[in-house]
Amino acid sequence: MIAAAPVRPATTNTCRVCAPLGAVLAFRGLRGCVPLVHGSQGCATYIRRYLISHFREPMDVASTSFTESSTVFGGKSNLATAVTNLRDQYAPEVVGLCTTCLAETIGEDTRGLIRDLAAADPTLPRLIHVATPSFKGCQHKGFHDTVEAILRQVAEGGERLRQVNVLAGPVSPADLRHLREVLAAIGLPAILFPDYSETLDGPSLARYEPIPAGGIGLDELARAGRSACTIQFGDTLEPGPGAVLEQLHGVPLVRLGLPIGVQASDAAFAALADAAGAALPESLAAERGRLVDAYVDGHKYVARRRVAVVGDPDLAVALAAFAAEIGMIPVLVASGAATGRMAQALALRGVAGAEVLEDADHDSIGARLAALKPDLVLGPSKSYPATRSLSIPLVRVGFPVHDRIGAGRILHLGYRGTQRLFDEVVNTLLGHAQDLSETGYAYL
Amino acid sequence: MKLISERSKQVVTAGDARAVVCDRPSVAGSVTQRACTFCGSRVVLYPIGDALHLVHGPVGCAAYTWDIRGALSSGMQLHRNSFNTDIRETEVIFGGEKKLARALRELIPVHRPKAAFVYATCLTGVIGDDVEAVCRGAAAEFGIPVIPVQSEGFRGTKKHGYSAACAALTQLIGTGDTAGIGPLSVNILGDFNIAGEIWTIKGYLERMGVEVVASMTGDGRVDDIRRAHGAKLNIVQCAGSMTSLARMMQEKYGIPYVQVSFFGLEDCAAALYEVARHFADQAVLERTRALVREETAAVLPVMAELRRDLEGKVAALYVGGAFKAFSLVKALRQLGMRVAMAGTQTGAQADYEHLKELCDAGTILADDSNPLEMAAWLAERDVDLFIGGVKERPVAYKLGIGFCDHNHERKIGLAGFVGMAAFAREVHATVMSPVWKLVPRRARASGAQP
Numbered sequence: 001m002i003a004a005a006p007v008r009p010a011t012t013n014t015c016r017v018c019a020p021l022g023a024v025l026a027f028r029g030l031r032g033c034v035p036l037v038h039g040s041q042g043c044a045t046y047i048r049r050y051l052i053s054h055f056r057e058p059m060d061v062a063s064t065s066f067t068e069s070s071t072v073f074g075g076k077s078n079l080a081t082a083v084t085n086l087r088d089q090y091a092p093e094v095v096g097l098c099t100t101c102l103a104e105t106i107g108e109d110t111r112g113l114i115r116d117l118a119a120a121d122p123t124l125p126r127l128i129h130v131a132t133p134s135f136k137g138c139q140h141k142g143f144h145d146t147v148e149a150i151l152r153q154v155a156e157g158g159e160r161l162r163q164v165n166v167l168a169g170p171v172s173p174a175d176l177r178h179l180r181e182v183l184a185a186i187g188l189p190a191i192l193f194p195d196y197s198e199t200l201d202g203p204s205l206a207r208y209e210p211i212p213a214g215g216i217g218l219d220e221l222a223r224a225g226r227s228a229c230t231i232q233f234g235d236t237l238e239p240g241p242g243a244v245l246e247q248l249h250g251v252p253l254v255r256l257g258l259p260i261g262v263q264a265s266d267a268a269f270a271a272l273a274d275a276a277g278a279a280l281p282e283s284l285a286a287e288r289g290r291l292v293d294a295y296v297d298g299h300k301y302v303a304r305r306r307v308a309v310v311g312d313p314d315l316a317v318a319l320a321a322f323a324a325e326i327g328m329i330p331v332l333v334a335s336g337a338a339t340g341r342m343a344q345a346l347a348l349r350g351v352a353g354a355e356v357l358e359d360a361d362h363d364s365i366g367a368r369l370a371a372l373k374p375d376l377v378l379g380p381s382k383s384y385p386a387t388r389s390l391s392i393p394l395v396r397v398g399f400p401v402h403d404r405i406g407a408g409r410i411l412h413l414g415y416r417g418t419q420r421l422f423d424e425v426v427n428t429l430l431g432h433a434q435d436l437s438e439t440g441y442a443y444l
Numbered sequence: 001m002k003l004i005s006e007r008s009k010q011v012v013t014a015g016d017a018r019a020v021v022c023d024r025p026s027v028a029g030s031v032t033q034r035a036c037t038f039c040g041s042r043v044v045l046y047p048i049g050d051a052l053h054l055v056h057g058p059v060g061c062a063a064y065t066w067d068i069r070g071a072l073s074s075g076m077q078l079h080r081n082s083f084n085t086d087i088r089e090t091e092v093i094f095g096g097e098k099k100l101a102r103a104l105r106e107l108i109p110v111h112r113p114k115a116a117f118v119y120a121t122c123l124t125g126v127i128g129d130d131v132e133a134v135c136r137g138a139a140a141e142f143g144i145p146v147i148p149v150q151s152e153g154f155r156g157t158k159k160h161g162y163s164a165a166c167a168a169l170t171q172l173i174g175t176g177d178t179a180g181i182g183p184l185s186v187n188i189l190g191d192f193n194i195a196g197e198i199w200t201i202k203g204y205l206e207r208m209g210v211e212v213v214a215s216m217t218g219d220g221r222v223d224d225i226r227r228a229h230g231a232k233l234n235i236v237q238c239a240g241s242m243t244s245l246a247r248m249m250q251e252k253y254g255i256p257y258v259q260v261s262f263f264g265l266e267d268c269a270a271a272l273y274e275v276a277r278h279f280a281d282q283a284v285l286e287r288t289r290a291l292v293r294e295e296t297a298a299v300l301p302v303m304a305e306l307r308r309d310l311e312g313k314v315a316a317l318y319v320g321g322a323f324k325a326f327s328l329v330k331a332l333r334q335l336g337m338r339v340a341m342a343g344t345q346t347g348a349q350a351d352y353e354h355l356k357e358l359c360d361a362g363t364i365l366a367d368d369s370n371p372l373e374m375a376a377w378l379a380e381r382d383v384d385l386f387i388g389g390v391k392e393r394p395v396a397y398k399l400g401i402g403f404c405d406h407n408h409e410r411k412i413g414l415a416g417f418v419g420m421a422a423f424a425r426e427v428h429a430t431v432m433s434p435v436w437k438l439v440p441r442r443a444r445a446s447g448a449q450p
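Protein chains in written order, with our numbering: chain A, 1 to 444; chain B, 1 to 450.
Just chain A, same shape as in the assembly (with noise of 0.2 Å):
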């Protein structure tokens, strides 16, 4: 069954943010970069918080501060005032400019105004630009949305490299992590944008680093356009950011779902190993057996149980694939955001049955929680509140995790984060019927 969320005049705890933290977010995967956000000053302070709530990182996003008269006037002088302060202050080799609702909805020539601030000073480090307002799609939007400008906007053409592009997509810093390490096993040269696996879960310092070191360089970026191709992450995607190196540089796209269970770890490793022209390295065909054995150990555990997933929609559809690869019942796949691909997506996946809900608020999920009684639900902080007035286990996945420590350390992505998941799922049903049953076994 397929129910779309009722069209509603309110939204009574959003199950979104909106899309310039997105923005923000992958902007933080590119090195030397500070992003700057055009508008009220809260914007900036609100992303900030709410990103430091999640990380635990130090979160330096500047903004244009808007007054009443750059509301009425244009942000002009803000923009060069802001720009001039970054370049003194950070040095950076690049700042990341989103647009808010505000400077959207006053017509503000963003475009227009970096053309002239760059001419009238070239000492001013590169703007790149995102339009990203508020009432325009979500943090899943305004993410792509930035990967795509930033390409469109840095990578060049010329003579075919041997290296691919990956675009993951908004995962955890460990997921990052992890790409990385298959990638340097497959022996594969890889551009992984963006990067943020070392700028947002970086180690303790002596001296605060204005910009967090790590993140992928305009200078490598350039060569975007040069790869093999770009292998890009995410169900619902249409056609996504790696469109952009195809159509302008006729970059190859190969459109993968993220790679959480085993069949959708194979595809994409396979098509990375395809790419290297290598076989799968013994490294991971290792990790790929101990996972499968896993899941014979603890099928039984699982076998049947129904479960719901919120999330980002590439999230949530992976994490509904995986459920299903398991022997779980998918019953509900709920997003804030509005693709209107998850149901198809899941459908190209395999996963039947399943109630999808998208632009749902957590009130509307909490409803179908109530209605539905799945055994185990896999999400974000968020979903505690229903979760707990509903005694339902809640495994915390995705964006944000900010009631637990180590949300940027969350490994979703490959055999491995499949094991890591599969291990918390199996014992977190344990736990609660252990916890809930009158003998208390210790030995199960």
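Keep in mind that the hints were calculated from the coordinates and are not lab data. Just so it is clear, the structure is predicted and the values come from calculations on it, not from any experiment. Among these hints, one or two may not hold up.
Said to hold, decoys possible - Quick look at which bits of chain A chain B covers, simulated, 3 or more residues with Cβ under 8 Å: (1) 35–44; (2) 52–62; (3) 135–146.
As the list claims (entries may be wrong) - Here are the simulated lysine-lysine pairs, DSBU-like style, with alpha carbons at most 35 Å apart: (4) Lys141/A <-> Lys98/B; (5) Lys76/A <-> Lys9/B; (6) Lys98/B <-> Lys114/B; (7) Lys136/A <-> Lys159/B; (8) Lys114/B <-> Lys373/A.
Each residue gets a CB set at the ideal place from its N, CA and C atoms; glycine is no exception.
Given the coordinates of chain A, assemble chain B onto it according to the supplied hints.
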């Protein structure tokens, strides 16, 4: 630390003759820790548990303020929901008034609030929605106050948001029946019941024999606020956010006010004595003395024990309002600690002058600071502790410095005498942790790193 030139006058050191330049908009590109007007209004009104708080704007404004604060309620928990008109492109083109009216019509019958606050945001301000007219219509339709809050983010700083929130509260105050309110009665303004703090304070006042009419807004109730004009004294705790309301109530209803702080033993005792003295009632004064004696006696041994470890340690703090900064400087001194840097988002000139007197010479005083400045000062002054909110936390932690949250998101009560003991334990837990031996900043000294 090289400051942005526009900010050079916003930082001084105690002992300096120069006054801090403050009360000005943040300079663009200076990663300010301040938020916007909307944020100011939202924090002040948020804890009213039986009101519907509807954010009229895009999803972000509602999402980022959903149930993030530790403001507890003893009854209805409506405030912990995030209600939003979720303005999209269609409304940007055709206006959001109809959607707002429909949202109120959907939400009010379901949740049956005692009042509704409708927060204007940048977007609905700039598309020109007549929020007031929609609110008037809904109030007439449902027979409850539906109050517009002029909190468009671009209007000014957080302080403008405080004023807008106070203006909204004035629409409620004076509309209730004041029968039965005694002569020894107060309102508490500017306590937000973080982790139940207002219950601690109310407990003290009750023991003194003082009746609390309305708390604004911690554990606040619409009906209490409506009769707040019947109280005989306003106790203002968060001076920055609520003094304007206290002034208005003084002008309109002749209710005097006192500015106090319930943080720290010294300030908490002073606050209670000030209330007692105001009523010039011998019995109240006696009971207050007994209370302060008893509560202090319970807490002092805890503090003495923790102070043995904390003596001589160095702290820095960056908080929203200046009154909290005053209290923290004193409270830290009671723990044997010295303050090397104190900053606020919204301090006024007089506040900084007072901070100068309060702090040791050489203490850095900063208005509207940013992460780079703070990080530089934390390192330069080699502090052991940073006190701030969620946005300050990673600055401290990244550098391997202890941190104590003294903002609205914390889940530990720090007000009152018991709160001081909790604060001391918090400070001790972080400052004395063995993990600092392993961080790069300290590793060489402790020999933990090759």
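Next on the checklist: Under the constraints set out in the numbered hints, which ones does this structure not fulfil?
Outcome noted: none
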